[in-house]
Every structure is written in structure tokens, then in C-alpha cells.
Amino acid sequence: FVAAGGLVQSCGHIIPESPVLALGSNFTALCILNESCLDFGNIYASQIIWKIKNRVVPKEQYREINRTVSSVTFNDTSSLATPLTCNILADGQFEQNIYGITITVGLPPEKPKNLSCIVHQLSQLTYPMTCTWNPGRHTFLDTQFRLKYRWARESFPDCIPTDVNNSCTIPDIHFFVNLEIWVEAANALGKAESDPLVLDPIDIVKPLSPHNLSVNSEILPTVLKLSWENRISDPVMKLKFNIRYRIAGDTNWMEVPPEDTPSTRTSFSVQGLRPYTEYVFSIRCMKEDGVGYWSDWSEEKSGITTEDKPSKGPPLWRIIDAYHSGAFWTVHLIWKALKPYEANGVILQYELTVRDKSSLTSPLEKFNVTSTNLTLQLPNGTYEVTVIARNRAGASPPSVLLIPASNSKAPVKNLRTLPKYDKLWVGWTAPNSYVLKYVIEWCLVSSRSDCIIEWQTALGDVQGIDLKGIQLISIKPFKCYLITVYPLYADGQGSGQSVKAYLKQDRPSKGPTVQTKKVGKAEAVLTWNHLTVDEQNGFIRNYTILYKTIDGNETVVTVDPSKTEYTLSSLTSDTLYTVRMMASTDNGSRSGPDFTFTTQKFGKGEIEAIVVPVCLAFLLIVLLAVLFCFNKRDLIKKHIWPMVPDPSKSNIAQWSPQVPAKHNFSSKDQMYPEGSFTDVSVVEIEADDKKSFSEQDLKPFDLLKKEKSTSEGHSSGIGGSSCMSSPRQSVSDSDDGETTQNTSSTVQYSTVVLNGYRDQTPVQVFSRSESTQPLLDSEERSEDHTGEGDSTAERQQYFRQNGGQDETNADRLCFERTKQITHANEGDLVGFVQLQISGQSSQPLGLGMEKNTQEAALSNVLQASTEGQTVRPETVEENPLSVDEMPKSYLPQTVRQGGYMPQ
Amino acid sequence: SPAGDSWGIFTFLCAALCNLPALPALNCSEELGTSQSIQQTYDLTRYLEHQLRTLAGTYLNYLGPPFNEPDFNPPRLARAERVPSATVDLDLWRGLTDNARLAANYRAYSRLLCYLRVLDGQVGTAELRHRLAHFCASLQGLVLSIGGVMSSLGYPLPAGPPAPPGAPPASNDFLKKMDDFWLLKELQTWLWRSAKDFNRLKKKVPPAVVTLRLEARGF
Numbered sequence: 005f006v007a008a009g010g011l012v013q014s015c016g017h018i019i020p021e022s023p024v025l026a027l028g029s030n031f032t033a034l035c036i037l038n039e040s041c042l043d044f045g046n047i048y049a050s051q052i053i054w055k056i057k058n059r060v061v062p063k064e065q066y067r068e069i070n071r072t073v074s075s076v077t078f079n080d081t082s083s084l085a086t087p088l089t090c091n092i093l094a095d096g097q098f099e100q101n102i103y104g105i106t107i108t109v110g111l112p113p114e115k116p117k118n119l120s121c122i123v124h125q126l127s128q129l130t131y132p133m134t135c136t137w138n139p140g141r142h143t144f145l146d147t148q149f150r151l152k153y154r155w156a157r158e159s160f161p162d163c164i165p166t167d168v169n170n171s172c173t174i175p176d177i178h179f180f181v182n183l184e185i186w187v188e189a190a191n192a193l194g195k196a197e198s199d200p201l202v203l204d205p206i207d208i209v210k211p212l213s214p215h216n217l218s219v220n221s222e223i224l225p226t227v228l229k230l231s232w233e234n235r236i237s238d239p240v241m242k243l244k245f246n247i248r249y250r251i252a253g254d255t256n257w258m259e260v261p262p263e264d265t266p267s268t269r270t271s272f273s274v275q276g277l278r279p280y281t282e283y284v285f286s287i288r289c290m291k292e293d294g295v296g297y298w299s300d301w302s303e304e305k306s307g308i309t310t311e312d313k314p315s316k317g318p319p320l321w322r323i324i325d326a327y328h329s330g331a332f333w334t335v336h337l338i339w340k341a342l343k344p345y346e347a348n349g350v351i352l353q354y355e356l357t358v359r360d361k362s363s364l365t366s367p368l369e370k371f372n373v374t375s376t377n378l379t380l381q382l383p384n385g386t387y388e389v390t391v392i393a394r395n396r397a398g399a400s401p402p403s404v405l406l407i408p409a410s411n412s413k414a415p416v417k418n419l420r421t422l423p424k425y426d427k428l429w430v431g432w433t434a435p436n437s438y439v440l441k442y443v444i445e446w447c448l449v450s451s452r453s454d455c456i457i458e459w460q461t462a463l464g465d466v467q468g469i470d471l472k473g474i475q476l477i478s479i480k481p482f483k484c485y486l487i488t489v490y491p492l493y494a495d496g497q498g499s500g501q502s503v504k505a506y507l508k509q510d511r512p513s514k515g516p517t518v519q520t521k522k523v524g525k526a527e528a529v530l531t532w533n534h535l536t537v538d539e540q541n542g543f544i545r546n547y548t549i550l551y552k553t554i555d556g557n558e559t560v561v562t563v564d565p566s567k568t569e570y571t572l573s574s575l576t577s578d579t580l581y582t583v584r585m586m587a588s589t590d591n592g593s594r595s596g597p598d599f600t601f602t603t604q605k606f607g608k609g610e611i612e613a614i615v616v617p618v619c620l621a622f623l624l625i626v627l628l629a630v631l632f633c634f635n636k637r638d639l640i641k642k643h644i645w646p647m648v649p650d651p652s653k654s655n656i657a658q659w660s661p662q663v664p665a666k667h668n669f670s671s672k673d674q675m676y677p678e679g680s681f682t683d684v685s686v687v688e689i690e691a692d693d694k695k696s697f698s699e700q701d702l703k704p705f706d707l708l709k710k711e712k713s714t715s716e717g718h719s720s721g722i723g724g725s726s727c728m729s730s731p732r733q734s735v736s737d738s739d740d741g742e743t744t745q746n747t748s749s750t751v752q753y754s755t756v757v758l759n760g761y762r763d764q765t766p767v768q769v770f771s772r773s774e775s776t777q778p779l780l781d782s783e784e785r786s787e788d789h790t791g792e793g794d795s796t797a798e799r800q801q802y803f804r805q806n807g808g809q810d811e812t813n814a815d816r817l818c819f820e821r822t823k824q825i826t827h828a829n830e831g832d833l834v835g836f837v838q839l840q841i842s843g844q845s846s847q848p849l850g851l852g853m854e855k856n857t858q859e860a861a862l863s864n865v866l867q868a869s870t871e872g873q874t875v876r877p878e879t880v881e882e883n884p885l886s887v888d889e890m891p892k893s894y895l896p897q898t899v900r901q902g903g904y905m906p907q
Numbered sequence: 003s004p005a006g007d008s009w010g011i012f013t014f015l016c017a018a019l020c021n022l023p024a025l026p027a028l029n030c031s032e033e034l035g036t037s038q039s040i041q042q043t044y045d046l047t048r049y050l051e052h053q054l055r056t057l058a059g060t061y062l063n064y065l066g067p068p069f070n071e072p073d074f075n076p077p078r079l080a081r082a083e084r085v086p087s088a089t090v091d092l093d094l095w096r097g098l099t100d101n102a103r104l105a106a107n108y109r110a111y112s113r114l115l116c117y118l119r120v121l122d123g124q125v126g127t128a129e130l131r132h133r134l135a136h137f138c139a140s141l142q143g144l145v146l147s148i149g150g151v152m153s154s155l156g157y158p159l160p161a162g163p164p165a166p167p168g169a170p171p172a173s174n175d176f177l178k179k180m181d182d183f184w185l186l187k188e189l190q191t192w193l194w195r196s197a198k199d200f201n202r203l204k205k206k207v208p209p210a211v212v213t214l215r216l217e218a219r220g221f
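One line per chain: the protein sequences are A and B, in this order.
869 is the number that this note's numbering gives to position 865 of the first sequence; each next residue is one higher, with no gaps.
212 is the number that this note's numbering gives to position 210 of the second sequence; each next residue is one higher, with no gaps.
Here chain A stands alone, though its shape is the one from the complex (with noise of 0.2 Å):
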């Protein structure tokens, strides 16, 4: 049964169906069971189950009414969620639905509250006027907002809002006639009504501001006139007016007072501008009387006052070149352009007069120029000089500047600068004269360029100025700013003081270079150059010098900044030191590269004291030794010479030419016969036969021994061998004559002169050996073309000549020569002197004809004393001769008899 009614009829129902409720009000439902159902099956009111969505409600909240109804109450409706049932428990165990209803809980609207309205005009006939209002809370229902409106006694439609709940335009609106506005609020639960506004919508009017402002200059310079369009027409609304304006490029708006523009107009003259200066302007509307709202401003319009009068005279100074020469100046008059609010206008030149104070009769002098600077030559004296600035308008007031002979009153004193922020202030404390004026030069010291001179004017009851940097130019941190203040007197002009600034400083850029200037066994002069004022970055406060050897500690110096030199005192000889060098300012400082010196072994002056007194003993020494050797020749003559054998008894008959070229080519060989012919001679000081001699005879002749081989090395070394003439390596031959070649070769040349005196035939042979060198060179030149001109062949010719058989022999003979003559120059210092003492008859590796002649007179003084024969200087000069005559055909000859064999 219960499907086939719930089917087909409901079995009972809910009052009320689906129903509103308000939040937190108390709500009680009933459910009606049908009649038909209570007969159908024993169904009663008593079995009734209430539930909100699937949740049971207690039973406390049921009250059965009679056999068909049953009531549920909720005290509270936020408890309730929909859908509400009614069922019932069927047979004791089934539950069946009989009924349910919906459930909306929500609030009734609140009062709108707070409703205001303005009237936006859009055209010149168009003014639509919104509401706005506070919707009050959220109502959880659909509610409906209307704005209501009325006159006295005629209705509007209602303006629906759409999409908002706060507000409403209504398109067109009357004016002249109070209006009732309110709003009404409605949804199920009820309505609410705000309060009404009453107005008139003219009174509420937000006006389109004032278009097609423009701007007209007037005559006068400091006024502009503006004209625009209202858009409101005068019937409708009687206007009242705010106009703002500002410079172009500033920000700040100046107001036209609003007691001038209080009623409707179109034009209005701007007042109390500065001349030739842009102005911004706009302009906004409201109702004459002031009850409404602004209009917004309108677009912005700019114009240009007139052009005027500079109002003042340009800025006046001049820089004096120092190096005046004679009794002209080169005066350089500057001057600084004035500013936008002095020119009035576009300056169109500088007039400037100078007129010379000193002479009455001297003419006026007049220029006219663009720019802001002139130069002039005048002569010393006193000037007045002045200045105008010229616009369309017309000049300026004069500025005048004295330029006195001399600046000879009285200067600022107590001159000071002090950084402030982004400026340097300078202050001084004024002279006690009434000053004029004064000015303030200053300019950028810096090395890289010119020191490029800046000024400002500043008047004369002040005692400091900020320095203003010219637009680019500002005053830099870092930067030495040397600062000149002169006071301006009404008759002259006070000397400048001048003071070194900085706006700011750092530590120095870099640190100086220290070098030493002397190092000496305890000290050091140490030495370095000031930092460029560009590398200092402020000012060097003092300079530190830190010093130290490789183990020890750093010692510190602290020196004043004016000193570029200083000398470090108590060091440790011959030590390592590191030095280096720190440049403080107040900001900071910072090291130059490190630099290191060895302190010296010996003081100054101590090898000195050795080695001058040993040198000059010595010298002493040899001086007395020749002296002793001059004094008693006579007797070392009848020493030596009782020994020479009578030269017509000698075996010298001997001697043809014919016996040296039976000898063989070896130089031992050859050594033999002219060993056996100076068996008798002293001279033959070679190594074989020297022990011959006794030692107390020869050791006085030592030096003398050594002279004698150097001039005959001379004297026969005519073929021109930078060996073998060398008269260095003579000595050295006769010193040491161990080598068998040295002596071989030694012994040809010393046969030479000894050989020489003995007898003059056998010259020839000797001769020959010497002489024939050039000419054996001009043959092997025909011969072999291989070094025409080059000095090194030419060499190796004569060593090839001279060794023999051996080339590489001769080669490293004459290298072995030559490394002698190195160690002679190192460690001996006697040889020194002996050479020194050779060296005033002999240069060294000197050939000139002069030399031999000099040398040939020594030798000369060295035979004499030997043999006091004449005939050896005779030979001596014959030998070049004979090198430059020497015939042909005595080539053969040589070829023989030396075997030096062209090769």
C-alpha cells in the first residue's frame, strides 16, 4: 500500500511549504497525514519522524497535535539545512517519506544607509546623475535594490542598478526642482527604505572642466593672458574658477588667488610673472556659489611672458696672466651669463667700456661682444671697467669692476673651507674695511691639465659661500680645489688668499716609489718623488717608511710630506733590505712597491785607504828601481857587454844564406842554429838559455828585458797581427816561455834586433821573415780570393804564415795569447805598472810609424846601454822601408828559407 499511495498520492504534507526565514528566528512545521493514509494502514501522527537531511531530529522538538498532525520546532533556524522531512516509521521498522519542503534561511535587507549623488556632466546638455549608497549586510537571498526619486508631487521610474547592489545612474536628470531620492531594498524576508535625500541635482553637479585654455602673451612682460570655453552655459550654472600655473620644468603650482575668478568669465589676466619665462597653466569650475564639486583640471597650456630689461648687470671679475711682461698686462675680462630670471630675455650682446683711471684724457674704450669673455692688452695702471647685458628689451644696469695697479688693501683673513654634503663651504672672516664685494676663484688642481679658474660673486656683508658647481663642473670628492678670495673694495682691491681644499678625501691612489740614492755599509739615502696631486686624493699628511731585512723586523719611519729624500741610518753591512713607502692622508694610505738594497761590505773610503797607498809604494818603488838601474848603467854595462865575442871572429862567416835554407821546415830545427848563435848573446832570453845568465844580472833587467821584447814585438810586427804585435803579448812571451811555438816565434823576433847589430847582412833574413807577411799576403790574395778585405782572413793568413805547418796551432796560440793577456789584466797589478811605464813610449796595439820611431829610440836607449852601437836604429827604420821596397824577387827567398809555403 505505502508504495502504490506514495506513488500516486502523497500521503500527507508539510505546512509551510518551502518557506523564507529569517536567520535566528524560531520556526515550527507541521506534517498533515491524509485521512486515506490513516485508514489505508494504522498510520498515526505519533509515528511521525521529522529529519533534516539525512539527521533525525529529537523527538523533544515534536509535539503530536492530534491523530494527523505533527508539529516539529526549531528555536533557532541556523540549525536547519533543507530539505525538511516528514516521515514515518511504517510496521515499526520501515520508514517512509512522506513529505519534504525546502528550506530558505536568510535576513532581511538592512536600511541602505549613507546614499549620496552627483551629477557628472558628459556634454553640454547632458548630465546624468549616480547614486551610491551602502547596501548594508549580506542578506543570503536575493534583494532587490531600487532608487527612487520624485518631485513634490510627480513620480520617476525607479532606477534599477545592474550587476551592482551600491549604486545607480539615472540618465537624465532636472534641474531647478528639489528632488526626494531614496532607496528602497527588498527581498523575501521584507523591504527597507533608506532615509530620503531631498535636493536640487544642480547642486550636486560635478561640471566639465573649462576646454581650449590658451595663453597670450601681453605688452606688459609680466603678464599672460588666458581665454578658454565653458562648457556649461551660464542659464544652467554660474561658474566660479581656480586657475594654477607654474614655471615650465618646476613642479610646484602657484594659485591665481580664487577671490579674482569668483565669477563666470572666459578670459583672465595672469599677473606678477617673471618676464621671458614659460608658464604652465590649467583651470578647473565649480558652481558660482560653491555647493557642488570641482571640476577636474583642465589640459595644460603654456605660454611665454614678454621679454624685459635684464634686471641686473652680468656677474664681473678678470684674471691677470702672471708672466706680465714689461709694463703690459693681459687682462682677462670674464663675466658670467646671467641667469634666466636676470636676462629677462635672450641677451643679444655684452657693451663694455674700459676706461683707464689713471689718465682723465684718455678715451673711453668700448666693445661690444657675444661672448662672455674679452682679452685685452693694456698697460699697468688703473681700470674701470663695466659691463652691460643687452636684450630686445633694452640693458642691463652696469656692472663695474676696478682693476686696480695693484692690489694692495687689505685680504680676507681666517680663510677656511668645511665640506658640506655635496657642497664646500668657504668661509673667511672679512677685512676690517667696508668691503664691496667679494670673489671667490677656484679651480681643480690637477697635473693632467691646466688649472681652469672657476669664480662666484658673493656680497659683501657675508662671510662664506657654498660653492656652486656650474651646471657640469660640479665640486668633485677626491679633488684638490685650490680656493682665492678677494675682497672688493669701493676704491681697490684686496690681495686673494688662497687655501687648498677637498670635499671629501680618500687614501692616496697609489703610494710612492722610493728608490736609494746611496747606500753606504750602515746607511742609505733613501729617495722618491711626491704623488702628483691627482694620486694623492687628499692631503699627504706624512709619509712612512717601512724598512727591513729578509729575517728581521719592519722598522717604521714616519716622515713630514715636504720631504723627497731621507736617509735611513744604523743598518747592518752588506745585508738585504726591503724598503717600501706609505702615503697617509687623513682617509687612509697606502704602499708604493717594495724596493730592495744590499747594504755595502766596507764604508766608504776604506778600499781606498788600502789600495791608493799599495799603488803609490809600489810606483815608488819601480820609480827608484829605474833611477838605481839609470844611475848605475855603467856598471851593469861592464857586467853584461865584457862578454860579447868579437862579431868579425865569430863563425858568422859562416852565416850565408844558404845554411838556414838547408834546415828543415820544422821549428825546432830551425830553433838549433839560431840557438847556437845566441849561446853568446844575453838577449837570448828564452826559456832555454835563460838560466845561462846569472840571476844577479839579469834580475835588475827584468823589466827592462820585458820593455826591450815589447818595442822589438813592434818594430817586427810590421805585417800588422793584432797577436802577435800586440806588445802586451811580447811580455808575456818572454815571461813564460814554456811554449815551444811561443819561443820559436819569440825567438825570431828577438833575433831581429839582437841579430841586428851583430851584423847587418843577416838582417836581410830577418827582414824577410817580418816583412815578407804583406807581400805573401797580396799572393795568397792572388791566389786564393777568398777574404779580399776581411780583417779575420788577413789573420788566419799571418797565422797560417807564422805557424808553419799548423793552422789550428797558430790559432790557438794566438788564442792562448790572449787569454794571458786577460789574466795579466786581472790580477796583476804589477803588470799594471809595467804597462803603464811601457804605455809612455808604447800604445797598445798601437802601429803608426811614429810609435815605431818612439819605440825604436827606446830600444834605441836600450841598445845603447847594451852595446852603444849605432847601427840597430839604423835597421829599425830601414825595416819599414825594406817592407815598402822590398823587391820581388826575393820572394823566393822567403819562400825558402821560412817554408812558409803559399797553400
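By construction, these hints were calculated from the structure, which means they are not laboratory data.
Built from N, CA and C at the ideal position, the CB exists for glycine as well.
Some residues of chain A that are not near chain B, with every Cβ distance over 10 Å (derived):
(1) Tyr-66
(2) Ser-75
(3) Glu-114
(4) Asn-170
(5) Gly-253
(6) Asp-254
(7) Leu-368
(8) Ser-375
(9) Thr-548
(10) Thr-579
(11) Ser-595
With a straight-line cut-off of 27 Å between C-alpha atoms, the simulated DSS-like cross-links for lysine-lysine are:
(12) A:Lys-653 to A:Lys-642
(13) A:Lys-521 to A:Lys-567
(14) B:Lys-204 to A:Lys-244
(15) B:Lys-198 to A:Lys-242
(16) A:Lys-525 to A:Lys-567
(17) B:Lys-204 to B:Lys-187
(18) A:Lys-508 to A:Lys-417
(19) A:Lys-472 to A:Lys-508
(20) A:Lys-522 to A:Lys-608
(21) A:Lys-242 to B:Lys-205
(22) A:Lys-480 to A:Lys-343
(23) A:Lys-552 to A:Lys-521
(24) A:Lys-242 to B:Lys-206
(25) A:Lys-242 to B:Lys-204
(26) A:Lys-508 to A:Lys-427
(27) A:Lys-117 to A:Lys-195
(28) A:Lys-340 to A:Lys-316
(29) A:Lys-244 to B:Lys-198
(30) A:Lys-605 to A:Lys-521
(31) B:Lys-205 to A:Lys-244
Once you have looked at the hints, place chain B on chain A.
Coordinates of chain B only, in the frame set by chain A:
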């Protein structure tokens, strides 16, 4: 000079305070309201005059020549008499009581409004119709304002607007246009005269505003 100024202000304040008891306190707000509504009505007539000036120009152009010619001055036809005429002798008009003048204004505008609404329905262009509608609504406001002024001055309102006389519709288009022409012309005259009326009335009803303000200051 400042001394003179302050003396002037002082005497003025004294005068205001002396006059104060003479003013019926209850009347003050009412006086203010009346004066204000007279001013408002005056402003409205000026506003309507202004509106009509442009509207008439546009409408006469819409009617076409000869109605839009500036010197067009047709004789007033008998049938145009249904439109209330403002062509009463000025002295006669001034001689009327305020009440009579206000009532005449009230009646005239009520009638004119009826004709104007008819006119509104016939106009072809939307723009013109819109402006006519706006003008009508404003004119309706004027009628209400005059009613308001009358009631605030204590005059009875004239009997409700007489039913539009069942004037026969114009027999031809030209005559109809002539009716429209005269309607606008009469409206202009009425508005012009009403402005004068309200201006005079404004002066007659002393504005209590100044006194009240002074009173507020005085205390």
C-alpha cells in the same frame, strides 16, 4: 582702516541683534524655504528660456521655411487662441496681485505643457524628441515649482489643470506647423515674463538668509 572696519561690523551686528526680536522665530525657516523656492523657480525659468532658445531654433529648422526665417512674423490666427497668450499689457500685468499672476502662470504652463506633449509625440527625429521630452519634463517641474511657491506663500492652487480643450486638429500641415510656431513663440514670451515675475517676487519676499546668518554669528 582696520579700526573703521571693526566699528562698522560692530554697528551692523548691533542692528542685526536689535532686529532679531522683530523676526518671528517660527517664520524663519519658512521664509527661508519660500525665498529659496522662489529663487529656484526663477533659475528654472531662466534655464527653460535657455533650453527653449536652442530647442526652438532646432524645431523651427525642423519645420522648415518660412518658419525658420528670423523675420517670419505671421498673424496670429483665431485658432491659435487656444494657446494661452502672454500678450497682456505689461502695466496691467504688473497691476495684478502676486497670487493672480502666479495662478495665471500656473494655468498657462499647465496648458502649454499639454500642447507640448502632443507636439512631442509627432516629432520625427529622435534627438529632437529627446530634447523636447527633456524640456517637457523641465516644464512640468516649473509647474510644480510654481505650485510650491504658491502654497508656501499661502495661496490656494488653481483648480486642477483644465482638460485640454478638444481643439480640432489642424486641417492641414501648414496650419499645424503654424500652431507649433505659435506654441513655441508663446512659450518664449511666457518664460521671459515669468522670469521677470519671479525676480520681482524674489525681491518682495525678503531673504531671511542674511539675517539668520548674522543671528548665528551673534550668538
